[in-house]
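Could you build all of it, start to finish, from the sequences and the hints given here?
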Amino acid sequence: MGGASEEEPRIGVFVCHCGINIGGIVNVPEVVEYAKTIPGVFHAEANLFTCSSDGLSKIKDAIGEYSLNRVVVASCTPRTHEPLFRATCEEAGINKYLFEMANIRDQCSWVHMHEPEKATEKAKDLVRMAVAKALLLKPQEEPEIEVEPSALIIGGGIAGMTAALSLAEQGFKVHIVEKEPEVGGMLRQLYKLFPTEMDASVILSRATDAIKSNGNIEVLTSTIVRDVKGFIGSFDVTIQKEERNTETLRVGTIIVATGAINLEPKGMYGYDEYGNVITQLRLEHLLKAGELRKMGTVVMIQCVGSREERGRTYCSRVCCSEAVKNALMIKEIHPDADVYILHRDLQTYGKEYESLEWRAREKGIKLIRYIPEKPPEVTSKQDGKLAVRVYQVLLGKETKIESDLVVLSTPLIQHEDAKRLSSILKVPLGQDGFFMEAHVKLRPVDFATDGIYVCGTAHGPKNVGESISQALGAASRAAIPMAQRRLRTAAITAEVDENKCVGCGICVELCPYNAIQKDEKGIARVTSAVCKGCGVCGASCPETAITMHNFTNEQLEAQGLAALRRAAI
Amino acid sequence: MTEFEPRIIGFLCNWCSYAGADLAGVSRIQYPPNIHVIRVMCSGRVDPPLILSLLAEGVDGILITGCHIGDCHYISGNLQAKRKFALTKRLAEKAGLEPGRLRLEWISASEGQRFAQLVKEFADQVRALGPSLLSGNKLDPGLLLNMRAAKAAAEDSRLRALVGKEEKLVSEGNVYGEPFTQEDFDKVMAEAVDSEYARHRIRLALLEEPMSVKKLSERLGMDSRRVLGHIVAMRLRGWVDIQEIRGSSPIYRALEVL
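Protein sequences, first through last, are from chains A and B. Positions 1 to 569 (our numbering) are the ones given, in order, by the first sequence. Positions 570 to 827 (our numbering) are the ones given, in order, by the second sequence.
No lab work stands behind these hints, which were simulated from the structure alone. Accuracy of the hints is not assured; some may be wrong.
Said to hold, decoys possible - Each computed DSS-like pair below joins lysine-lysine, with the alpha-carbon atoms no more than 25 Å apart:
| # | chain 1 | residue 1 | chain 2 | residue 2 |
| --- | --- | --- | --- | --- |
| 1 | A | Lys-363 | A | Lys-381 |
| 2 | B | Lys-651 | A | Lys-118 |
| 3 | B | Lys-689 | A | Lys-419 |
| 4 | A | Lys-331 | A | Lys-400 |
| 5 | B | Lys-737 | A | Lys-500 |
| 6 | B | Lys-651 | A | Lys-419 |
| 7 | A | Lys-229 | B | Lys-651 |
Rendered as structure tokens:
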């Protein structure tokens with residue numbers, strides 16, 4: 001592989017017009033001419049679209065023609081295009097870590113559209129900063145590891161069972177760990193599912209039968225995950241069944257499908273005081289058991305404990321459709337009942353659920369909008385009925401509804417145990433308490449930690465259909481490394497200089513991934529397959545013994561100095 | 570004369586803040602071109618000496634941004650960023666630099682608007698402070714030495730070890746299992762910053778020219794008993810020794826190698 005660090009750096013700079021996105025504001029030819037004057041730059045050219053196949057072949061041609069050994073592309077953001085350009089460098093025989101990007105579109109031409117001259121000057125600065133870093137880049141080799149073709153699925157709800165089946169059918173061994181004595185999760189508490197009104201038990205028994213009869217699936221109920229060590233390809237998972245002895249499983253990948261629970265609305269709308277104030281989940285149970293007695297009026301209140309200004313700010317996504325579905329079911333059993341849904345703005349989204357809302361309107365279900373500044377009030381009357389007062393925005397006055405039953409639509413919330421799991425697995429929870437994916441659009445079912453994936457309501461409120469789709473997504477992501485059996489992990493990792501390390505152990509404590517351990521001599525060692533390259537250890541080492549590859553102090557300082565035009569270059 | 574335009578460097582974490590800055594671009598939200606962004610994987614990676622060094626080189630302002638607390642891609646890296654930033658700021662202030670040149674904020678991937686607003690605000694804030702006294706052709710020599718001392722103190726193992734231990738100390742207590750509050754820690758830290766900064770400043774002064782304790786205390790505007798105390802500690806560390814005895818007072822010199 002070319003581009004050894006000892007060679008004199010020969011940098012090629014490719015400045016992208018991005019059609020008119022950059023070229024319409026930044027004077028690209030001027031930036032190219034400027035780039036040619038930067039020491040270390042042996043070739044600079046403009047491209048209409050550097051990322052087009054034409055642009056990429058021009059990079060490859062120039063690498064050959066000018067014997068370039070490092071490449072800088074000034075275009076869009078490395079967050080989307082770095083992998084493509086790196087691959088191009090690799091194809092032309094340059095180590096892919098000898099590549100650097102200058103973001104002159106998203107962070108320059110697009111945000112300084114009315115100041116073309118200043119934008120051009122800034123583009124030059126950004127190119128100079130990228131060249132300054134490129135001069136100090138070193139080739140990196142990506143460690144290759146083996147992958148155990150088996151998966152652990154934490155949580156045996158519909159998401160976990162779906163992911164398990166998908167993987168098992170692809171030939172991988174799967175262990176499902178479920179903390180309850182039975183699999184099924186939230187589905188066991190539900191009755192009919194919107195929008196098809198299919199019985200939850202039908203889906204449930206189909207899934208449970210399938211996992212139980214699949215030879216590749218081992219179901220471990222009343223079992224919890226105690227500890228996880230290792231990394232993608234070989235996780236050592238310690239599990240414990242009913243407080244008894246622990247056992248260790250070796251798996252290649254892990255899927256988190258721990259689900260969610262329903263918020264108990266303590267202290268809200270008289271829930272703790274009046275027996276006839278219940279949650280939607282309780283209503284599902286009454287409907288399922290056929291225990292809903294005949295009644296005159298039912299009032300449902302939406303967004304109870306969700307979409308708050310502080311705290312649970314999120315929308316729980318499923319409650320609007322659930323309320324409309326349950327309202328329709330009440331009307332079916334008791335056609336004379338008056339059913340009200342008090343909502344902030346009914347969110348029966350998507351192609352099927354909107355029609356559900358229209359059906360509700362046709363059946364005479366009354367939808368009343370309230371505003372969070374003046375939420376409804378529920379009080380008890382002497383005859384045991386409830387008085388619901390709601391301020392109607394459109395009428396500009398308060399309406400009083402006498403009700404036999406008040407049903408509160410409360411959000412799905414994270415399990416208390418999630419924090420423990422988050423720290424065992426070294427995967428983050430977001431501000432709302434749900435597990436957080438690596439990237440909302442680019443990596444929606446991956447965690448930042450390689451080899452661990454998320455699906456279902458553990459990741460946020462979802463209906464059954466959405467949970468199943470996401471579970472299939474997580475399963476296919478997990479299948480990729482297991483099918484390949486070997487993989488390369490990122491080379492942006494930390495390295496300890498053993499001559500400088502004094503064994504203080506601060507890096508060991510601070511590493512969020514347990515990637516650093518002390519060896520028998522008391523010297524810190526980084527397991528590069530586990531290291532995610534955050535660099536906290538390097539910034540914390542009292543002896544400055546840790547180098548954070550590809551983001552070294554020297555490289556960052558050179559970039560900073562180049563921004564000040566005070567650098568040696 | 571054209572209005573002063575500050576040169577600002579932004580250290581943005583790859584996962585939240587850099588994505589937030591990209592979003593400002595995708596949404597075409599305009600902000601002033603003063604900021605030059607350096608991408609880092611995590612805000613917790615931003616090492617205090619790096620910031621102090623760029624300030625010593627004359628950058629007008631530095632903005633560090635990371636994921637919101639609780640949303641860190643690396644679980645807790647931003648907590649480290651916060652602790653490291655506190656040290657950086659303490660040392661910069663010790664050196665006599667305006668604290669308004671430094672800012673740490675949390676920007677999520679969805680906060681393009683907030684990022685643009687922040688850059689605008691910070692640029693205004695730094696513009697109001699005027700050019701760094703360490704930029705341009707006429708540098709403030711005293712401030713430069715002070716900043717170098719601050720940087721050296723941030724590279725030294727004592728302060729680094731303290732910051733590295735801070736999270737654990739404050740959340741779990743000390744090695745004897747006794748509680749250790751943030752207040753307790755801040756007290757220890759303030760004292761450590763004070764003495765480490767002073768020692769590095771003394772060392773830089775002695776590198777320029779060997780001096781007596783009396784002269785050092787005049788030069789640095791520091792109480793002579795404190796200077797003597799630091800000299801004793803520095804001799805033990807092998808940073809200084811006595812060059813000669815002039816009259817009745819020893820003249821100290823700095824040893825090159827730390």
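Each hint tested on the structure:
Of the supplied pair hints, the one linking Lys-363 (chain A) and Lys-381 (chain A) is violated, its CA atoms being roughly 28 Å apart against a limit of 25 Å. As the CA atoms of Lys-651 (chain B) and Lys-118 (chain A) are separated by approximately 33 Å, the hinted pair breaks the 25 Å bound. For the hint linking Lys-689 (chain B) to Lys-419 (chain A), the alpha-carbon distance of about 37 Å lies beyond 25 Å, and the restraint is violated. The straight-line distance between the Cα atoms of Lys-331 (chain A) and Lys-400 (chain A) is roughly 21 Å, inside the 25 Å bound, and the hint therefore holds.
With a C-alpha separation of about 24 Å, the suggested pair Lys-737 (chain B) and Lys-500 (chain A) falls inside the 25 Å cut-off, and the hint holds. For the given pair, Lys-651 (chain B) sits about 22 Å from Lys-419 (chain A) by alpha-carbon distance, which is consistent with the 25 Å threshold. Between Lys-229 (chain A) and Lys-651 (chain B), the direct Cα distance comes to roughly 28 Å. Violation of the 25 Å bound is thereby established for this hinted pair.
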